[in-house]
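Line order of the protein sequences matches chains A and B. 1 is the number of the first residue of the first sequence in UniProt numbering; add one for each residue after it. 1 is the number of the first residue of the second sequence in UniProt numbering; add one for each residue after it.
Nothing false has been slipped in among the hints.
Between beta-carbon pairs, the in silico distance windows are: (1) A:I92 to B:E56: 57 to 67 Å; (2) A:N456 to B:P131: 22 to 32 Å; (3) A:K85 to B:C17: 45 to 55 Å; (4) B:E50 to A:I526: 36 to 46 Å; (5) A:I520 to B:Q82: 49 to 59 Å; (6) B:Y6 to A:A338: 15 to 25 Å; (7) B:K90 to A:D451: 23 to 33 Å; (8) B:I19 to A:I92: 41 to 51 Å.
A few chain A positions that, by computed beta-carbon distances, are all more than 12 Å from chain B: (9) G83; (10) K326; (11) F406.
Treat the hints as calculated values from the structure; they're not laboratory data. Every residue, glycine too, gets a C-beta built ideally from N, C-alpha and C.
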Amino acid sequence: MLAAGERKLALWNMGVAYTAFLIGTLAGLLQVFIRNDQLELPAWLDYYQILTAHGVLLALIFTTFFIFAFFISGMSKSLGAFGPKVLLWNWIGFLVMLAGTILATVMIVIGEASVLYTFYAPLMANPWYYVGLALFVVGSWIMGFALVGHYMKWRKANRGELSPLFAFMTVSTIALWVIACLGVVATVLFQYIPWAFGWVDTINVELSRTLFWYFGHPLVYFWLLPAYMAWYTVVPKILGVPVFSDSLARLAFVLFILFSIPVGFHHQLMEPGISDFWKFLQVVLTFMVILPSLMTAFSMFANFERAGRKNGGKGLFGWFTKLPWKDLRFTSIFIAMAFFIPGGAGGIINASFQLNEIVHNTLWIVGHFHITVGTPVAMTFMGLTYWLIPYLTGRKFSNTMKKLGFIQIGLWAVGMLLMSTAQHILGLLGAPRRTAYSNYNGHESALEWFDGILTNHVTMAVGGSILFLSAMLLLYIVIMSAFVSPKAVEPHEFVEFPLAESDKRATPKILENWLVWIGIAFVLIIIAYAIPIAQMIQHAPPGSRGFITW
Amino acid sequence: MHLHKYEKIWLVFGTVCLIAFLSIVGVNAFAHDHTPAGGIETIDPEKVRETAPFNEPGVKKLDDDTYQAAIVASAFAYDGGQTLTVPVGKEIIFKVTSTDVVHSFTIDNTNVNMMVVPGQVTTKSYTFKEPGKYLIICNEYCGTGHHFMYTEIEVTE
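Go ahead and model the full structure; you've got the sequences and the hints to work with.
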């Protein structure tokens with residue numbers, strides 16, 4: 001069991017994560033009913049306010065707090081108990097992040113910030129919304145640096161040794177996060193805040209968009225890498241095999257740092273202000289991420305096969321039936337991975353220079369991130385939650401909870417399949433995202449979008465409702481494991497933190513040389529961004545004043 | 001560093017895919033001139049109505065085979081002159097800008113899908129193959145009336 005300090009810290013992070021999850025999923029449920037015209041909101045509440053809350057609370061708040069709960073537990077488990085300083089700075093970071101979250105959420109709820117989570121200028125929210133976002137990022141940095149401090153102490157005490165895989169991956173993810181946030185910090189501190197408080201009159205819109213997407217794309221890797229950490233380190237333990245290859249895992253994470261940041265232009269392919277050459281260069285860099293993704297897929301399936309054969313699976317695919325399907329911890333993550341196969345392929349489509357024209361800002365994109373972040377990431381986090389909370393509270397995870405857990409992930413998978421399939425097809429037909437109910441005055445083309453078997457107004461709502469049911473079931477399990485389930489007494493009743501053995505004897509030392517990798521990352525960023533950003537500043541049009549159009 | 005034999009085969013396969021994908025995208029873009037909407041022309045967002053061609057929004061014939069459609073997007077409507085009518089089979093150069101927030105100019109059933117950023121002019125060239133009335137919508141969130149922001153373009157023989 002972990003030291004009491006870390007357990008409390010991790011549980012508080014988890015608590016904030018699931019509070020955000022509750023409000024965020026409720027907002028999601030309301031959305032599907034507004035979109036098919038079955039629900040009219042009271043005058044004080046607006047569709048775009050709910051949409052903003054849904055995006056911010058699920059994509060930013062739920063994920064980040066959950067990730068830190070996972071990091072704190074895993075770092076303490078793999079490197080040993082935190083010292084008082086590490087613990088203190090983690091608490092300071094947590095409180096700053098929480099203060100930012102509350103400030104931003106209040107601004108959304110009182111209708112002062114219906115700017116969606118991309119907050120594109122010159123839509124101008126209440127300045128305190130941007131302050132809230134800034135505090136959130138600063139808080140996450142403080143927690144991140146505190147964890148890095150814990151890691152440095154371990155490295156000093158174990159000179160010349162490679163750190164445990166979990167710690168290495170945590171530090172990689174924090175490095176990626178800090179480098180990525182530089183963009184959003186720059187735009188929020190130097191552009192949005194002075195402008196929203198009225199200290200300057202105008203904002204350079206194209207520059208703000210570019211700095212946002214410099215952050216916005218690696219942001220998705222900040223969600224994804226912790227899920228990958230579970231796939232690489234937790235899943236093998238559940239399967240009863242060691243980590244497939246320690247060096248492969250580390251190399252994949254290094255490549256993710258390199259190829260997830262200098263690629264933000266692929267979100268801006270349809271807009272002016274960036275020349276085709278620079279857009280294309282970032283498309284090329286975006287595609288590089290295929291390599292670490294395929295490496296990950298390989299080692300996952302290699303583990304499955306090894307475990308299945310160990311359990312007596314015969315023939316080419318016989319091992320598949322011998323996997324621990326009755327283990328909730330495994331099955332949840334397996335379904336999460338399965339969703340990522342079409343999710344990743346869709347990502348390559350989105351990033352393609354020309355194909356993006358077909359799907360840009362359509363419902364396809366919404367479908368895409370519901371089968372990338374909404375399932376592979378979220379369902380992996382659910383799979384971790386089942387054991388992580390009982391592990392932290394020292395409570396039992398009963399068979400009833402296990403059964404409910406299977407129902408919960410089953411519902412999530414079915415709901416997501418219905419909703420995201422409908423969204424993907426609707427997007428291909430041309431239906432836009434980020435809109436409340438609209439038939440464009442009964443326009444023929446707009447009505448045709450919703451004319452299919454899967455693509456009618458009901459399917460998305462049914463999918464969304466099933467998802468909400470699943471979310472409520474999950475919250476019930478969370479509350480039970482946190483506060484109600486009986487305490488474990490006998491040794492076999494305690495839930496463990498499954499962490500696989502990783503053989504680092506053959507791992508090259510250079511993989512843990514941060515100076516090299518962060519150095520290369522910055523070189524790539526400078527190649528991809530220096531000239532286009534310089535052009536945006538030198539060749540800037542007169543700036544935009546703020547608009548409140550909601 | 002040790003890599004499993006099958007892993008090496010898998011990575012070679014991945015790298016070959018990567019090269020194939022990028023070659024297709026690249027040849028399409030630079031040899032066949034199939035590039036998405038863009039442009040690096042700037043404009044004062046406060047003076048859109050006084051700046052050509054947006055001082056007279058609408059369709060203009062440039063020569064026998066090319067037309068220009070200048071359109072001003074603002075919350076929550078497009079101004080493209082009285083009615084937007086263009087001929088089928090001719091190159092139409094769309095030029096769009098915004099007087100306020102970010103919008104889009106997306107023509108349903110075509111691959112015209114342009115982001116409209118204040119301070120910038122977005123350009124996209126398109127040739128309609130079929131006559132008819134096409135729905136144009138804003139697919140970038142621009143405020144409470146966002147889902148009512150649309151217009152139509154008529155493509156004639």
